[in-house]
Amino acid sequence: MERRAFLKGTTYCGLALAFGGPLMPLPAFAREGGKVSRGDTPRAWEDFYRKEFLATRGDAQGFAFHCSNCQGNCAWRVFAKDGRVTREEQAAAYPQINPAIPDANPRGCNKGIVHSKQTYQADRVLFPLKRMGRRGEGKWRRVTWQEAVDDIAARVVDTLQKNGLASLLLHCGTGILSQGRRAGPLRLGSLLGAQRLYPASAVGDMFTGASLAYGIATIGHSLDAWFTAKTIVLWGVNAAVTRIPDAHYLNEARYNGARIWCVTPEYNATAKLATDWVPVKPGTDSFLAMSLLHVLFRDQLIDEAFVREQTDLPFLLRLDTGELLRHRDLRDKGKDDVFYCRDEATNSVQPMPGTQGHFKKSLRLGKLKPALAGRWQVKGRDGNPIEVTTVFERARAEAAKFPPSMTREQTGVHPDLVERMARDLAKAEIAIVNIGFSMHKYVSGTMTCWAAALACALTAHAGERGGLDTENNWSLGGIGPLSGPKPARFASGFFSEWENGDMAATMRRHYPDAHLKSALGFDAAGLAALGAQFRKTSNAYFGKPRVALLFADNLLQRNKSEAHYRKAFVESLDLLVNVNHRMDTTALWSDYVLPAKSQYESWDLRGELGYHRFCNITVPPKGLKAIGEAKSEWEICLALAEAISREAKKRGIERIPDPDFLVQSGDKAGPVMRELANLPAEFTDNGALKNDEDVVRWLMKNVPAIAPWTPEDAMKHGFVTVNREAGFNSPLYANRPFHSFENNVYLRQPYPTLSGRQQFYVDHPVYLKTGCPTPTALPPLRPASFPFAFWTPHARHGIHSQWRTNTWLLRLQRGEPHIWLNPLDARGKGIGEGDAVRVFNDVGEFFARAKPMPAVPPGAVVMDHAWEPYQFRHKLGLNNAVAGLISPFELVDGWGHLKFNPNWDGNMLAFESAVDVEKA
Amino acid sequence: MSSRQLAMVIDLNKCIGCQTCTLACKSQWTDRDGREFMYWNHVESKPGKGYPRDWENAGGGWESGAGAAGSGGDKLKPGRLPRLEEDYGIPADFNYDAALFQEGEQPLRPMQPMQWGPNWEEDQGAGEFPNGYFFYLPRLCNHCTKPACLAACPRQAISKREEDGIVLIDPSRCRGYRYCVAACPYKKIYFNPLAGRSEKCIFCYPRVEKGIPQACAYQCVGRARHVSWLDDKAGAAWRLVHEWKVALPLHPEHGTQPNVYYVPPLSTATFDAEGKPTGTPRIPADYLVSLFGPGVQAALDTLRREIARKEKGEASELMDLLIAYRHGDMFRLDRLGSQP
Amino acid sequence: MTARHMLVLLAFLPALAPAQEPSTIRAVRAATSVADDPDHPAWNSAPASIVKLETAFPGHPSISGTAVTQNAEVRALATAAGLAIRLEWSDPAADAEKTQHRFADGAAVQFPRDGKAETTPYMGGAGRHVNIWYWNAAKNAAENLWADGFGSLTRLPAQDVRASGRHADGRWRVAFFRAWRSAEPRAAGLRGNTPIAFAVWNGANDERDGFKAVTMNWQSLQGGR
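Residue numbers (our numbering), protein chains in the order written: chain A, 1 to 920; chain B, 1 to 340; chain C, 1 to 225.
Think of the hints as simulated: they come from the structure by calculation, not from any bench.
Just so it is clear, the structure is predicted and the values come from calculations on it, not from any experiment.
It is possible that some hints are incorrect.
[Claimed, not checked] Interface residues of chain B toward chain A, partial, derived using beta-carbon atoms under 10 Å:
id : residue
1  : 29
2  : 57
3  : 59
4  : 83
5  : 97
6  : 105
7  : 110
8  : 134
[Stated by the list, open to error] Derived pair list, reagent style EDC-like, types lysine to aspartate or glutamate, alpha-carbon separation capped at 20 Å:
id : chain 1 : residue 1 : chain 2 : residue 2
9  : B       : 276       : A       : 276
10 : A       : 117       : B       : 301
11 : A       : 369       : A       : 409
12 : A       : 117       : B       : 36
13 : A       : 130       : B       : 103
14 : A       : 335       : A       : 712
15 : A       : 367       : A       : 276
16 : A       : 650       : A       : 147
17 : A       : 567       : B       : 209
18 : A       : 369       : A       : 382
19 : A       : 51        : B       : 93
20 : B       : 210       : A       : 419
21 : B       : 276       : A       : 147
22 : C       : 139       : B       : 103
23 : B       : 312       : A       : 59
24 : B       : 276       : A       : 337
25 : A       : 81        : B       : 97
26 : A       : 716       : A       : 693
27 : B       : 210       : A       : 59
28 : B       : 210       : A       : 47
29 : A       : 281       : A       : 419
30 : A       : 139       : A       : 571
31 : A       : 51        : B       : 103
32 : B       : 312       : A       : 424
33 : A       : 139       : B       : 36
34 : A       : 361       : A       : 382
35 : A       : 427       : A       : 303
[What the hints assert, rightly or not] Simulated coverage check for chain B against chain C, where a stretch passes if three residues somewhere in it have a Cβ under 8 Å from a Cβ of chain C:
id : region
36 : 4-15
37 : 121-131
38 : 153-163
Idealized CB from N, CA, C, for every residue including glycine.
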C-alpha cells in the first residue's frame with residue numbers, strides 16, 4: 001500500500017494505517033548487526049564510554065597497599081590523571097606457587113577500592129591545626145608547620161627536662177602496620193627513649209592461649225594452607241568479613257572436600273559458607289573446647305608418639321601441691337626449670353630433654369619412653385615420697401568434667417555436633433583450627449585457645465599436618481638499626497591503657513566483687529594486687545605520660561568505657577598531638593593535628609604479614625599533587641627532630657643521659673645518651689635517610705628475607721616474594737604453604753616455652769588458685785544486672801575505624817550506626833526496623849538505630865565495631881557501655897615463658913559487658 | 001540474537017558479600033555525572049526486597065507464552081519505575097565539615113536521611129534463629145538474548161551488539177523516556193536525571209575490547225565470577241551452564257533469556273527443636289526454585305555429589321572448574337581462540 | 001506488521017475524536033523585544049487561538065494511556081528579531097522536576113521543514129522531515145530537534161531556539177522564540193504562512209515521548225516574515 005496516499009486527508013483512519021510504520025522496523029534507524037545507519041560513523045557513540053574508561057586509567061600509575069590497621073596486605077595499581085588519583089585496581093599479579101593450589105589473586109577488598117575517594121574526602125586533614133576551644137570542642141585554627149612543630153618541640157623538651165624521659169609517649173598505633181611508614185615514629189621514639197605501647201596488646205589482639213602453649217602468640221599458616229586442609233575450624237573468626245582477600249581459599253577448600261566448622265554465636269557470612277555451623281552461646285566457647293577434648297580423650301583419638309615428644313603432657317606433677325615436679329623437688333639447690341617424666345623403658349623418673357634448664361636442647365627422646373598415664377611415688381629431696389601423676393592425667397581428668405551432654409546447657413550446642421567435630425579434627429590428615437581475634441575479648445578466651453591448642457596437640461596437628469592458627473607473621477630481621485637504634489621504653493599496651501584510663505573504676509561499677517571472685521577467683525582488690533605485682537616485675541609500665549605524640553592511633557575510639565577513659569587519659573596530658581590523614585576521634589580531642597600523607601602519597605613497604613608470602617611496595621604515581629600540606633610520617637618526624645634540636649640548643653641542652661638503659665662501651669657501661677641537639681643527624685643517619693623513599697630503599701637492602709630483590713623489581717608489579725628466611729619456626733618453601741613448627745616437629749627444636757614443648761600445664765600460683773593450671777572452662781563474665789550480652793564483631797565496611805566514615809562505604813550500609821537485635825527481642829521491646837534506640841548499662845549509654853536480624857540469637861545486642869564515636873548522638877560511641885576488665889591469667893609475669901615481651905602481654909576484654917536496650 | 005554471546009557465571013557459594021565488585025563498578029563507571037545513585041552492579045542479601053526495593057514485584061519482562069518455561073511470549077509486561085529515595089536510596093553526602101571542623105555536638109550523618117540503599121538488608125535474610133539464613137546475590141544487567149528493554153524502547157536506542165551480545169543504550173539516541181526501565185524485570189536500567197537519559201551496565205566493553213575482564217568480575221576477590229563466550233566449549237560458561245547444568249539464570253520466567261548465570265547456594269542444615277542438625281539445607285528449596293527455576297534442585301544435587309567425590313579423595317572436573325586454580329583462567333575473552 | 005499490532009491499532013480507533021478544522025494563529029507585529037518571556041505585556045496584543053489537543057497515536061507498543069491536556073491557547077508575535085510563540089494551557093501542578101520516576105511537563109511546536117501540509121504532522125515521514133521546538137519544564141529551556149518518522153527525533157547541531165515557561169494559577173505559559181533566520185539548514189523557514197502543530201505533555205500523568213496531547217492536524221500560522 002502506498003503510504004503517501006493515506007497522509008493526504010490527515011484523517012485518523014488513514015493515519016492509523018499509516019502508523020503501522022513505526023511498529024515495524026524503521027528504515028531510517030534499522031540496525032544491521034547492531035549498527036546504526038544514518039550516515040553516522042557506525043556506533044561512533046560507543047566511544048563515549050571508551051573515553052571514560054581511559055580517563056579512569058589516567059596518565060600515571062603507581063602501586064600501593066592499604067595497611068591501615070589491616071592484615072590484608074594487598075598489592076594495588078593506583079591510577080592518576082593530572083596529578084590526582086582516579087582509581088585503584090588490584091594488581092592481581094601474584095604468581096601461583098603450586099599448580100595444585102589456587103593463586104592469591106586478586107587480593108584487595110571493599111576498603112582498598114575506595115581509598116581513592118578517601119584520599120580526597122572532606123574529613124581529610126589538610127593543614128596543621130591547633131585547638132582553640134576546649135578539648136574535643138571542634139574549634140580549630142590553621143597554623144603553619146613551623147609554628148606547630150616549634151611549639152610541640154618546646155613542650156617536648158620541657159617535659160623531658162622537668163618530668164623525665166618517661167613522660168613522653170611517642171606511639172605509632174596500628175593505623176600504620178607497614179615497615180616503611182612505621183619506621184619514622186619508631187626511630188624518633190627510640191632515639192628519645194620515649195614510651196611506646198605494644199600495639200597488639202593495646203588493641204586487645206594478644207593470643208595468650210597460644211602464648212601459654214607455644215611461647216609465641218602469632219603462629220599458624222599462610223592462608224593458602226586452607227585449601228590443602230580437610231578439616232577447618234573457624235573459631236571466633238568471621239573470615240568472610242575479616243579475611244576478605246583470603247576467604248576464597250575457604251570456599252575453594254569446601255569444593256576440594258574440606259569440612260568447614262564455623263563456631264560463632266551469630267549466623268554470619270562465614271557461617272554461610274561453612275559446612276557446619278556451631279551456634280555457641282556467647283562467651284561459652286571454653287565449654288565447647290573442653291567437650292572436644294573430652295571426646296578426644298574418651299575415644300583415645302590421640303597420637304601418642306606426638307604427644308610424648310612434642311608436649312608437656314608426660315611431665316610429672318605433684319599431687320600434693322599441684323606443681324610440676326622439678327629438679328629442685330628432688331635435689332637441694334636443684335634447678336627450677338628441669339622437669340621429669342616416668343620412663344616406661346626403665347620404669348624410672350627421668351628428666352625430660354629440651355626444657356629450659358636441661359642441657360640437651362632437643363626434643364629427641366632417644367631411648368626414653370615417657371608414660372602418659374599413671375600415678376607414682378618419687379623420693380623428694382628430704383627423703384619423703386612425693387605422689388606424682390602426669391599432666392596428661394590431669395588434663396584428661398579436667399576434660400572428663402565436660403561431656404558434651406553436660407556442656408550443652410552452657411553452650412547450647414547439641415552433643416552430636418561436638419562428637420562429629422572432634423572426629424573430623426582427629427581424622428583429617430591436615431586440620432587447621434583458626435582462633436579469631438574475638439576469642440580473647442573474653443576472659444575465657446585464653447582457656448578456649450589453650451584448649452584448642454591441646455586438641456591440635458592430641459591429634460598431632462602441627463607442621464605440615466596443620467594445627468592451630470592465630471596469625472602467621474614473617475620474620476623480617478635486620479630492621480632494628482632503622483626502627484630501634486637505641487633502647488627505649490616499650491610498654492605493655494593493655495596494662496598502660498588500664499592504668500592511664502583508670503579502667504578499674506568501671507570494672508568495679510559493672511561487676512560486683514562477689515561475682516568477680518566467684519567467676520575469676522579474684523575480686524577487684526585481688527586484681528589490683530596482681531596489677532601492682534605485674535607493674536613491679538614486668539618493667540612494662542612507665543607511668544602516665546604528660547606529652548603524647550600519637551601517630552595513626554585512635555585510642556579514644558578504641559578504649560572501653562569511652563567517656564571515662566577519655567577523661568582519665570586526656571585530662572592528665574599537658575599536650576596531645578595527633579598525626580593523621582583524617583580527622584578521627586582522637587584527632588578531634590587533640591591539641592594539634594598534623595596532616596599526614598595517606599596510602600598513595602608516600603613510599604612504603606610491608607612484608608611481615610604472614611597470610612601470604614608477598615612483600616608489597618607503595619610507589620606514588622608520578623606527578624601526584626600534594627594534598628593540602630600533608631607530609632609523610634618520616635618527614636614529620638624529621639621536622640620534629642629538627643625543632644627539638646633547635647629548642648634544646650636554645651636551652652643549652654646538648655643531651656640527656658638515660659640511666660635506665662646502659663650501653664657497653666669497651667669494658668665500661670654507661671647510660672644511653674638522648675642526643676637532643678644532634679637529633680636530626682641521628683634521625684637521618686647523617687643524611688642517609690632523608691625521606692620515605694630512602695627508608696624503603698634501606699629496608700629492601702637490609703632485610704635478609706627480602707633478598708635478592710631491589711625496589712626496581714618491586715616496582716614492576718607492586719610486590720616481591722619473601723624468601724625461605726621469612727619463616728620463624730619453619731622454612732618457607734617456594735612451592736608449599738607455610739606451616740608453623742616444622743623445625744620443632746621434624747628437627748625436634750624446643751619450643752620457646754618453659755617445658756621446651758607445647759605447654760599445657762602452668763603451675764603459676766594464679767593458675768593453680770583459679771583451678772586453671774591446665775585448659776579448662778570458664779563461664780562468661782557478664783553480670784546478670786542487665787539482660788543482654790553485648791559483643792561487637794569486626795566490621796565488613798571498615799578496618800577498625802579506618803574507612804568507617806567513608807561516604808562510599810556508608811552508602812552501602814545505612815549511613816549511621818545500627819545495632820543488631822533478634823527480631824523477637826526487638827518486638828518484645830517495641831523496637832521496629834530502623835528505630836532509634838538507647839543501649840545502656842551502669843557504665844554508660846549510647847544511641848543508635850536498630851536492625852532486626854534473624855541471624856542474631858535472642859538475648860544479644862550485636863554491633864559491628866569501631867564506628868567513630870562522633871557518628872553517634874552526643875558523639876558517644878559504643879564503647880561507652882563497655883566496662884573495663886582485665887584477666888588474672890594475663891597479669892601473670894615472671895613464670896617461664898610468661899614474662900612480659902611481644903609474645904606475652906594481655907588484652908582489654910571487650911565482650912564481657914551486659915547491657916539493656918530501649919526505644920529512644 | 002547476536003552471533004556470539006559473552007556470558008558471566010557467578011558462583012553464589014563463593015560470593016562472600018564483600019561488595020568489592022559493587023565498588024569496582026562504582027569507581028569504574030558510576031561515581032560521577034548524575035550516576036552516583038546507580039549501582040550497575042550491586043550485591044543484595046536474599047531473601048529480601050533487594051535493590052531497587054521490591055524489584056521482583058516491579059513488573060517488566062515478557063508475558064509468559066505458550067512455549068517452554070523461560071521462552072517467554074512476545075508481549076511486554078507492564079512495569080513500574082523505582083523512586084529515588086524510597087527504592088534506590090539517595091547517594092548520601094555527609095556533614096564532615098560541620099561534624100569535625102566546627103564546634104558543636106552534631107554527629108557525622110547523611111545530610112538527608114537515608115531510606116534505602118543497594119545493601120540495605122545486609123545479612124538480614126529470613127527464618128528464625130537458629131535457622132535464620134541469607135545469601136548474597138550479585139546483580140548486574142543480564143545482557144539478555146531477548147531483552148525486554150530493547151523491545152520497549154520506541155526510539156531503538158537500545159541495541160545488542162552482534163559481535164558479543166552486549167546490550168547497550170546509545171546515549172545519543174536515548175531521550176530518557178524510561179520504557180526500558182519499566183520493561184527490565186531486573187530493574188537494572190537507571191534513569192540519569194542529570195543527563196536526561198537512561199544508563200546501565202555496559203559489561204565493561206571498553207575493558208573487554210582491550211582484553212581486560214569486567215571490573216566486577218576481574219576484581220572479585222572472592223573469585224566468584226567466570227566470564228567466557230557461551231559457545232566456547234572450553235569456557236566456564238558453556239561448561240557450567242550446558243555441560244554440568246549447575247549455572248542457572250535468575251528469574252527465567254520473565255522470558256528475557258539472561259546471559260548472567262548463577263551457581264545456586266548450598267547451606268548448612270537447619271537445627272531441630274533439640275538443636276540437632278536435620279540434614280535439610282537451611283535455604284528452603286522452594287525459595288531457590290522461585291529464583292532460579294526448577295533446575296535448581298538438580299544443580300544442587302550435582303554440586304553435592306561432586307563435593308562428595310572430593311571428600312573421598314576422588315577427582316572432580318566440576319569442582320576443579322569452580323575452584324579455578326588460576327585467577328586468569330576464570331576469564332576467556334579471546335575472540336579467536338575460543339572455539340574448541 | 002504483526003497481527004497483534006493490527007489489533008492494538010483497531011482497539012485504539014473508536015476512542016479517537018473526529019478531525020477538527022484547523023485553527024489559524026495570527027502573528028502580530030510587536031515593536032518591543034519579547035524573546036522568550038512568557039509574561040511580557042506585549043502578548044496581550046496578540047489574538048489568542050484555542051487549539052484542541054488529543055491523545056497522540058501511540059507509535060510504539062510501549063506507549064499507552066490517555067493524555068490529560070485538552071486544549072491550549074496559542075499566541076504569536078512577530079518582532080524585528082524573530083518569531084515568538086506562546087502556549088498556555090491548564091495544568092494544576094507544575095511538574096518541573098525530572099526524577100527517577102517522575103516526568104516533567106513539556107510542550108512543543110512543530111513545523112514541516114518544507115512548509116507544506118503534505119508532510120505528516122505525526123513526527124514527519126521519510127524524506128519529509130519536521131522541525132520541532134521542544135520545551136521541558138525540568139530544564140526550562142528549548143531544544144531544537146528534527147524528525148522524519150516515529151522514533152527518529154534527533155537534536156540539531158544548531159541550538160538557536162529559546163523557550164521559557166512559567167507556572168501560575170494552575171496554568172503553564174511557555175514562550176518560544178527563534179530568530180527569523182537560522183544557521184541550521186534543517187530548521188524550518190518561518191516565512192509567510194506555514195503549517196504548525198502543537199503538543200503538550202503532562203508529567204504527572206507520566207506523559208513523555210509519544211504519550212502526549214497533540215493537535216491532530218496542522219494548524220496554520222500566519223504572519224511570519
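Numbered hints the structure breaks, given as an ascending list: 2, 3, 4, 10, 11, 14, 15, 17, 18, 19, 20, 21, 22, 23, 24, 25, 31, 33, 34, 36 and 37
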